[in-house]
Amino acid sequence: MADLLKKPLGTRGKVHDITPASAGWRYVGFGLYHLKAGDRAAEATGDREVILVMVEGKAKVTGAGQDWGVLGERMNVFEKTAPHCLYLPNETEWAAVAETDCVIAVCSAPGKGGHQARRIGPDGITLTERGKGANTRYINNIAMENEDYADSLLVTEVFTPNGHWSSYPSHRHDEDDYPRITYLEETYYHRLNPANGFGIQRVYTDDGQLDETMAVSDGDVVTVPRGHHPCGAPYGFEMYYLNVMAGPLRKWRFVPAPEVEWIMERDS
Numbered sequence: 001m002a003d004l005l006k007k008p009l010g011t012r013g014k015v016h017d018i019t020p021a022s023a024g025w026r027y028v029g030f031g032l033y034h035l036k037a038g039d040r041a042a043e044a045t046g047d048r049e050v051i052l053v054m055v056e057g058k059a060k061v062t063g064a065g066q067d068w069g070v071l072g073e074r075m076n077v078f079e080k081t082a083p084h085c086l087y088l089p090n091e092t093e094w095a096a097v098a099e100t101d102c103v104i105a106v107c108s109a110p111g112k113g114g115h116q117a118r119r120i121g122p123d124g125i126t127l128t129e130r131g132k133g134a135n136t137r138y139i140n141n142i143a144m145e146n147e148d149y150a151d152s153l154l155v156t157e158v159f160t161p162n163g164h165w166s167s168y169p170s171h172r173h174d175e176d177d178y179p180r181i182t183y184l185e186e187t188y189y190h191r192l193n194p195a196n197g198f199g200i201q202r203v204y205t206d207d208g209q210l211d212e213t214m215a216v217s218d219g220d221v222v223t224v225p226r227g228h229h230p231c232g233a234p235y236g237f238e239m240y241y242l243n244v245m246a247g248p249l250r251k252w253r254f255v256p257a258p259e260v261e262w263i264m265e266r267d268s
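Be aware that the sequence shown starts at 1, since it is given in full-length UniProt numbering, and climbs by one per residue.
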């Protein structure tokens, strides 16, 4: 059985620390801090670029030799307001001191020194509807390919209403064959509303060599090294996830699963 489901390491401090080495891949890293007011977190980026996402709460942030002031506005991720984020290039440092209880995501990928430190959002991030019927979900694009904010990173938030599907119709991006498809590793940081609920995520390949279906709890991370990766939010539970993707090319091109290709064509 593949070890794709990552449970939080605790309730305070750095509760997720997924590196390329621990995930068994080459590009994506994902860390998550749960801080109480007054707590501090700090890291050096090394050879990796970073996007800090203020998932919840407020913190004073310095990074890349600049004081960025207090970042953060929404106190609960399910407010669905645009997040405050900060891009930091490789070979820099950052530090955050929590003003309130807060959750800070650290999204990372190989940096090439091609972009300067900058704030991302909340201005310019608009909650956008995608999909039809029970496949409707809502997107906060933080740094997808249309935004030239990063060397490698692709980052987005998705809100899936209760009873709906997301990252669906099933699709994969696990081959380096642009423009048909791109190779992108991906992490999903899941939240549920109410928090005691659960969601479903399946990760599977067409040949069946990888086929894992997981019940995800509030705060879990799922790693997607290859294959299709749809999510389901049971009736009564709203699902949020923060996606981080990266690969050799900063483009998102995917191929649908054969069994759902007709749905994608019908709804396009």
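No lab work stands behind these hints, which were simulated from the structure alone.
Check before you lean on any hint, since a few could be wrong.
Here are the computed lysine-lysine pairs in the DSSO-like style, where the Cα-Cα straight-line distance is at most 30 Å [to be verified]:
no.: 1; residue 1: 251; residue 2: 132
no.: 2; residue 1: 251; residue 2: 112
no.: 3; residue 1: 112; residue 2: 36
no.: 4; residue 1: 132; residue 2: 112
Hint check against the structure, violated hint numbers in rising order: When the structure is compared with the hints, numbers 3 and 4 turn out to be violated.
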